[in-house]
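Peer 1: Each chain is listed here by its residues.
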Amino acid sequence: MRVVAAMSGGVDSAVAAARAVEAGHDVTGIHLALSRNPKSYRTGARGCCTIEDSNDARRAADVIGIPFYVWDMSDRFHAEVVEDFMDTYAAGQTPNPCLRCNEKIKFEAVLDRALALGFDAVATGHYAQLRTTAGGGIEMHRAVDHGKDQSYVLGVLDERQLRHSLFPLGDTPKPQVREEAARRGLLVADKPDSHDICFVADGDNAGWLREKLSERDPDLASLSPGIIVDESGAQVGEHEGTLGFTIGQRKGLRLGHPAPDGRPRYVLDIEPVTRTVTVGPHERLAITGLTGVDPRWCGPCLPAGNELAGESVTVQLRAHGAEHRARVVVTETGLEVDLLDPAHGVAPGQAVVVYDGTRVVGSATIAATRRATD
Amino acid sequence: MTERTVYLDHAATTPMVDAAVEAMTARLRDVGNANSLHASGRRVRRVVEESRETLAQALGCRPGEVVFTSGGTESDNLALKGLFWSRRMAAGRRTRVLSSSVEHHAVLDPLAWLEEHEGAGVELLAVDVAGRLDVAALRATIERDPASVALISVMWANNEVGTLQPIEEIVSLAAAHGIPVHTDAVQAVGVVPVDFACSGVDALSLSGHKVGGPQGVGALLVRRELDVTALLHGGGQERDVRSGTLDAPAIAGFAAAVEWAVKQQHAYADRVAALRERLVAGMLREVPDAVVNGAGAPGGLPGIAHLSFPGCEGDSLLMLLDAQGIECSTGSACSAGVPQPSHVLLAMGRDAEDARSSLRFSLGHTTTEADVDAAVAAIGACVQRARAAHR
Chain A
1310 MRVVAAMSGG
1320 VDSAVAAARA
1330 VEAGHDVTGI
1340 HLALSRNPKS
1350 YRTGARGCCT
1360 IEDSNDARRA
1370 ADVIGIPFYV
1380 WDMSDRFHAE
1390 VVEDFMDTYA
1400 AGQTPNPCLR
1410 CNEKIKFEAV
1420 LDRALALGFD
1430 AVATGHYAQL
1440 RTTAGGGIEM
1450 HRAVDHGKDQ
1460 SYVLGVLDER
1470 QLRHSLFPLG
1480 DTPKPQVREE
1490 AARRGLLVAD
1500 KPDSHDICFV
1510 ADGDNAGWLR
1520 EKLSERDPDL
1530 ASLSPGIIVD
1540 ESGAQVGEHE
1550 GTLGFTIGQR
1560 KGLRLGHPAP
1570 DGRPRYVLDI
1580 EPVTRTVTVG
1590 PHERLAITGL
1600 TGVDPRWCGP
1610 CLPAGNELAG
1620 ESVTVQLRAH
1630 GAEHRARVVV
1640 TETGLEVDLL
1650 DPAHGVAPGQ
1660 AVVVYDGTRV
1670 VGSATIAATR
1680 RATD
Chain B
-3 MTERTVYLDH
7 AATTPMVDAA
17 VEAMTARLRD
27 VGNANSLHAS
37 GRRVRRVVEE
47 SRETLAQALG
57 CRPGEVVFTS
67 GGTESDNLAL
77 KGLFWSRRMA
87 AGRRTRVLSS
97 SVEHHAVLDP
107 LAWLEEHEGA
117 GVELLAVDVA
127 GRLDVAALRA
137 TIERDPASVA
147 LISVMWANNE
157 VGTLQPIEEI
167 VSLAAAHGIP
177 VHTDAVQAVG
187 VVPVDFACSG
197 VDALSLSGHK
207 VGGPQGVGAL
217 LVRRELDVTA
227 LLHGGGQERD
237 VRSGTLDAPA
247 IAGFAAAVEW
257 AVKQQHAYAD
267 RVAALRERLV
277 AGMLREVPDA
287 VVNGAGAPGG
297 LPGIAHLSFP
307 GCEGDSLLML
317 LDAQGIECST
327 GSACSAGVPQ
337 PSHVLLAMGR
347 DAEDARSSLR
357 FSLGHTTTEA
367 DVDAAVAAIG
377 ACVQRARAAH
387 R
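Quick note, the sequences are listed as chains A and B, same order.
Under our numbering, the first residue of the first sequence carries the number 1310, and numbering increases by one thereafter.
Under our numbering, the first residue of the second sequence carries the number -3, and numbering increases by one thereafter.
Next comes chain A alone, as it looks inside the complex (with noise of 0.2 Å):
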């Protein structure tokens, strides 16, 4: 096959570009600029943005020896991820842009570009696994790796996307592409784990939310100061702006009196309209259920009132969570799903991943949560 490798710059990347070509693929190394305004040198360990990532992208496929580009995908970047993350967190929800960027960037503008251009398929160095059946259906798996496993953040991608993916690291523990970078000589071998958002240079979501968003509307209510109140609606103290806060979170509340039973309180719900954030202990963050909205199939698609059930059927609700023992049914609009296992703080925008086993049914945004208590 001819193949599109997608390199970051990092070592994922670079190991599975060097497998795809010993699979006997014809491989094109392809860096992706995403950012409008990328940054000569990284700090930290974030990395995917600098040009500095895109040298080392080419230093690998020199090492590899595979003819190497960078695809300008920043404004497509910007319009379907940036974007998506901007007016989500405004609304009040959590948004997952490696979620969005899977299925916008890599496995549709890329892909969409790569096969016009005549290539098969895009391989890149998430760890999952794509398996084919015997009826010629194609199947993703979580990878070997479960500490390491990507399966939720490509939970995005249809059968059409899946068939024209490669994974070539889906197999293999994590330390082993380490090892395996080392020995091609490839000098990425130790580079550090990018974490975080890409486009966040400093890590400051809070911060970097407040500045683009307030270009971009400076009257957004999410931008105003409101209050923090606790269940009975009693005000416990005040925030800059709901923008930022996530369901679930503990740290940065600020809250001048501790709680009367002094335990710890968590955001319970935001509302970005009243401006207005809730908090609560810890208990109030369990949830026996969600819907979800916007299902996407990893296979073959599901009609509305198709029913998972079982043992083996079980969801995830964020990138590495637990996995929990589900009863799903798909609806008109999209999936209801109950938990067997409760859950804690899960955030509406994220993603709700259906797995059976270890393949993966597919995935849906989640629109709304049910409270254990409510």
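No lab work stands behind these hints, which were simulated from the structure alone.
Hints are supplied without guarantee of correctness; some may be wrong.
To be verified - Okay, the calculated bits of chain B under chain A, using three or more residues with CB under 8 Å as the criterion: (1) 315 to 326; (2) 372 to 384.
What the hints assert, rightly or not - Here are the simulated distance ranges between beta carbons: (3) 1333/A <-> 0/B: 21 to 31 Å; (4) 1368/A <-> 122/B: 51 to 61 Å; (5) 307/B <-> 1441/A: 32 to 42 Å; (6) 1427/A <-> 165/B: 46 to 56 Å; (7) 1502/A <-> 25/B: 43 to 53 Å; (8) 212/B <-> 1376/A: 34 to 44 Å; (9) 380/B <-> 1549/A: 54 to 64 Å; (10) 1467/A <-> 117/B: 29 to 39 Å; (11) 1468/A <-> 273/B: 29 to 39 Å; (12) 380/B <-> 1400/A: 37 to 47 Å; (13) 1603/A <-> 307/B: 29 to 39 Å; (14) 1333/A <-> 36/B: 50 to 60 Å.
Keep in mind that this is a model prediction, so the values were computed, not measured.
Using N, Cα and C, we set each Cβ at its ideal position, and we do this for glycine too.
We have chain A; now place chain B onto it with these hints.
Peer 2: The following block gives chain B in isolation, referenced to the frame of chain A:
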């Protein structure tokens, strides 16, 4: 899988000619610093000075007017900053620098720097649809306040679309007010006739590797009467304008290449012009709605064919051609590794979409009809693919 390489990017760099390789490699084992007083130093000094004389002879200047540098970019920086500072030193109100909007970044970026850090008033003059400077606009700009102009810098030939600039007219406008003129002739030397004295320019940049010499060496020709403030301070090797131990082997290769290129210039230009014509005709046959940019001969460089392929991204085309061993350029600079729409095309009145759809094929001394035919044979399918990718 890998086919023969068809190299059509000679404006980026061209292979070294035999005469240059021989002149350079013959000196690689020599010991001696051209500034040492002993016999070894004198031997190397002699190589440098003979090279200087060769260069002067080929380019119509005096040996003392040749300042060796590390290449075109350094030559441009030295000319622009060095002349700006010395002219302003002599008269404080000389702060305007007039140039064109289609210069190479080695000119545009130093000018932007002078504007930001040294208070220069940089005015980039408009060009016509072919990329040629608007002389009337230059005249008006000069005459608004001639005494405030520190210098004028206009390239001899554009590196992207190949259009030749009206250097003679620029020089006569400037001469009326005693304003020095610098020209970046990196793309012109050896390709069109370039004679320093006859042209009347005061400073001229050239580069070794664009004429078949080695990379990393070049020269600024600058009239002796002109003061140039140094950028690099140290040993004062090049008439106190440029310091640093001279790279004698590279200089020998550079001089040999320039001598060869100038000697061959007429025959070369005829041969390459015919190849360009074949290329352009073939491309237009394969892609009838392609657009040829720039002046074309005789108003442009004979070896550059710059074409827009509507509905394509130049990047996609470049990659598809590269996969078939055909090497060309989008012509424009990268910013942070991200290709930008060409400022040259934009200045010529094209929109960003149009500017991004372009490729530069530049022919050189090793180009053959087979090279041209291979590019023509490949372009149709590549354009079809690139269009599909750009929908």
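Peer 1: If a hint holds in the structure, say so; if it does not, say that too.
Peer 2: Hint check:
no.: 1; hint: 315 to 326; result: holds (count 4)
no.: 2; hint: 372 to 384; result: holds (count 3)
no.: 3; hint: 1333/A <-> 0/B: 21 to 31 Å; result: holds (24 Å)
no.: 4; hint: 1368/A <-> 122/B: 51 to 61 Å; result: violated (42 Å)
no.: 5; hint: 307/B <-> 1441/A: 32 to 42 Å; result: holds (36 Å)
no.: 6; hint: 1427/A <-> 165/B: 46 to 56 Å; result: holds (49 Å)
no.: 7; hint: 1502/A <-> 25/B: 43 to 53 Å; result: holds (49 Å)
no.: 8; hint: 212/B <-> 1376/A: 34 to 44 Å; result: violated (26 Å)
no.: 9; hint: 380/B <-> 1549/A: 54 to 64 Å; result: holds (55 Å)
no.: 10; hint: 1467/A <-> 117/B: 29 to 39 Å; result: violated (57 Å)
no.: 11; hint: 1468/A <-> 273/B: 29 to 39 Å; result: violated (52 Å)
no.: 12; hint: 380/B <-> 1400/A: 37 to 47 Å; result: holds (43 Å)
no.: 13; hint: 1603/A <-> 307/B: 29 to 39 Å; result: holds (33 Å)
no.: 14; hint: 1333/A <-> 36/B: 50 to 60 Å; result: holds (57 Å)
In summary, the numbered hints that this structure violates are 4, 8, 10 and 11.
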